[in-house]
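Fit chain U to the given chain L structure using the hints.
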Amino acid sequence: MGALELALIAAALLVGATGTWSPCGFSMVETIGPAGHTGGRRVTLAACATFLPGALAGALVTFAGLAALGSILPGEGWVRYGIAAAAALVAAIAEARGARLAPQIRRQLPEHWRRVMPMPAAAALYGVLLGLGFTTFVLTFGVWALAGIALALGEPLAGLAIGLGFGVGRALPIVALAPIADRPAGRGALALMAERPGLYRGIRLGDAAALGAVAAALLFTAGAEAEVKRVKPAADPSVHGGDLVVQRGRDRAGSLYSSSGVRTSLPGTDPAIGGGYVAVIDGGDVVLIGQSDLVERDRVTATGADAVAVGSNWLAIRTRRERRDVIQVRPIADQGLGQARQIATAGPPSQLGRPSVDGNRIAYAAAKRSRNKLVIYKLKSGKRRTVVVSRRHALSNPSLLDRKLAYVRSTRKRNQLRLRDLRGGRDRKLRSGKARLWSTALNGKRVYVTVLEGRRPRSRVVSVRR
Amino acid sequence: MPRAERESERVGRAIDGIAGNTSRRGFLARLGGAMVAATAGGVVGRAIEPGEAEAYHFCGHIYTTGSCPHPTGTPRIDKDGFPLHASSGKPVDNLGRRVDGRGRPVNAKGKVLLDPDGRPLPPAPRTTVCSETARKYNFKTWVDGAWYRCCGGRVRKLVDCCAYSNRRINGDAALTGYCYSGRKVFCVMYFQTKVPC
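Chains as they are written, first to last, in my numbering: chain L, 30 to 495; chain U, 173 to 369.
One chain only, chain L, in its complex shape (with noise of 0.2 Å):
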């Protein structure tokens, strides 16, 4: 979780704790409260541990239901973020000066479910009422902000980070009041928030001071989270830094999409990028090329290669030849590519995956009737790990990047995109479906991958984030 996340977590719960300020708000507190039902304050604290999760779930729905929808919209990159950017400042901007909100919601929760229902119950409706936001009177133009901002950037991690925030916002203060709300430093507190207009105006200069910090870490990380994150039609990604190669077409002709989104084309297909080098595949040869400069450093013969990953210090070329797999690497200097070393081979019906390189080490995955699994080899010392294996499931496609692996794991009615961590724990899930996931990258922050529709296959390249 980065730096833009933790700002809008901050926000929204600032944002949905203004929330409190509402005729819904305040009657959460008096009606949850002892004084509002005749079973004292063990119903009460039963109603308060049932409003959070209901108010955590409604907020959830409403901002990650809008990053989902925000990531099926066109636009990329700056764009989007500039968007956010923007509401995040107008909506600092209003609050800052205490502007009158509008549009305003005028509806408000429903009296009766108190009375046809037990408490807790009640509670937890009414908890996902707050929490879904646009229900009930709206008490600042954040929540209006935080809505265009899920919705502008698509993310569902953004989108969850709005939503955690926001719901235990709003559920916060009226958790906190509700079980003391008969005595006097309750009724105290309610007084003040409500005769006192200096809080609420307070609570909405923090708002914009929130909203402020917001719009100036999207607009910070703008540049750097500017980059392509999908592709289509294209197939076979791989990353460094901002830049995306990828093949499309027919012909898998090479194209480089730089983080501000140009596309240039490459001087071969199968592209591979890494460590300031782009390898190509040009005929029978594999072409070294400079990135900054897309200037030819070496070329060598490599008769059947159809896959390559580069690094700063080796290229790695699979070859097939004879229905026989083999990767082979040659170390990269600086008069050009040393003496090839052959790393791994396997016959038919075995075969060996795409290679991804990072460092002094690659990763590949090898597939066998037996079994499927994941190798990392270590291209200094020799020694080969083999850190995923399934005797029931495909293993295939990882991509190398410091302590993580990303891969692709295929069960007969799924396939999942799987990031794991070198270092031990569990896998974690990036993407999971029915969609046929097939070769995968790695960079700081998002994971790409190939997706393969149709018979004769369709393929796109779509990306989440780490």
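Honestly, the hints are just simulated from the structure, not real lab data. Note that CB positions come from ideal geometry on N, CA and C, so glycine has one too. Please note that a few of the clues may not be correct.
Simulated coverage check for chain L against chain U, where a stretch passes if three residues somewhere in it have a Cβ under 8 Å from a Cβ of chain U [claimed, not checked]: (1) 58-67; (2) 133-143; (3) 224-234.
FRET-style restraints, in silico, Cβ to Cβ [stated by the list, open to error]: (4) Lys-283/U / Leu-201/L: 40 to 48 Å; (5) Gly-354/U / Leu-201/L: 48 to 56 Å; (6) Ser-260/U / Ile-122/L: 32 to 40 Å; (7) Gly-268/U / Gly-217/L: 24 to 32 Å.
Chain U alone, transformed into the frame defined by chain L:
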């Protein structure tokens, strides 16, 4: 209530009244409604209630039960249930006179009223509206739950004065309202906050 605030409330009420008709605010109101529909869906849309309720005899009160006996008529109370002057929000005693913090009668400018000898007028009792109702009707009363609504651009707390009585102040059958434990609404009051909505 200070003049500026009163003016603001009056203007706010007027604006709310025309909100649905003017083009920009009408659009914004429709946008708000659309957002409700978009986020909440039909079920929730049906569940939530109008938040700004017009009155039977004061804004926010949506049922027909009459006001509690109040020295100045409109049953505005402070946070502890004592009577306030409806338009100014200043405390009044049981005689309906404005009083200061020490219970002394004061004029509209807050100056202590004097008798012909130059001494402050003696204070009269000031009791909570609901307990005064109990005394007047000779049964015990309770203030149970409450609910808040938006009224004239300010959040307002609607308070029921409850009793074990099947008759309400109107003389006909009482409703449950915000009361519980078998009590029913005898009469109604409100507490006006300074929170805009």
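Evaluated hints:
Proximity of the segment 58-67 of chain L to chain U, defined as three or more residues with a beta carbon under 8 Å from a beta carbon of that chain, is established by the 6 residues found. For the segment 133-143 of chain L, the stated coverage by chain U is satisfied: 9 residues place a CB nearer than 8 Å to a CB of that chain, which reaches the threshold of 3. Only residues whose beta carbon comes within less than 8 Å of a beta carbon in chain U count, and the segment 224-234 of chain L has 4; three or more means the coverage holds. A hinted range of 40 to 48 Å holds for the C-beta pair Lys-283/U and Leu-201/L, which are about 46 Å apart.
For the pair Gly-354/U and Leu-201/L, the beta carbons lie near 34 Å from each other, so the given range of 48 to 56 Å is not met. A beta carbon spacing of about 35 Å between Ser-260/U and Ile-122/L agrees with the range 32 to 40 Å that was offered as a hint. In this structure the supplied range 24 to 32 Å holds for Gly-268/U paired with Gly-217/L, their Cβ-Cβ distance being about 28 Å.
This entry does not satisfy hint 5, going by the numbered hints stated previously; all others are met.
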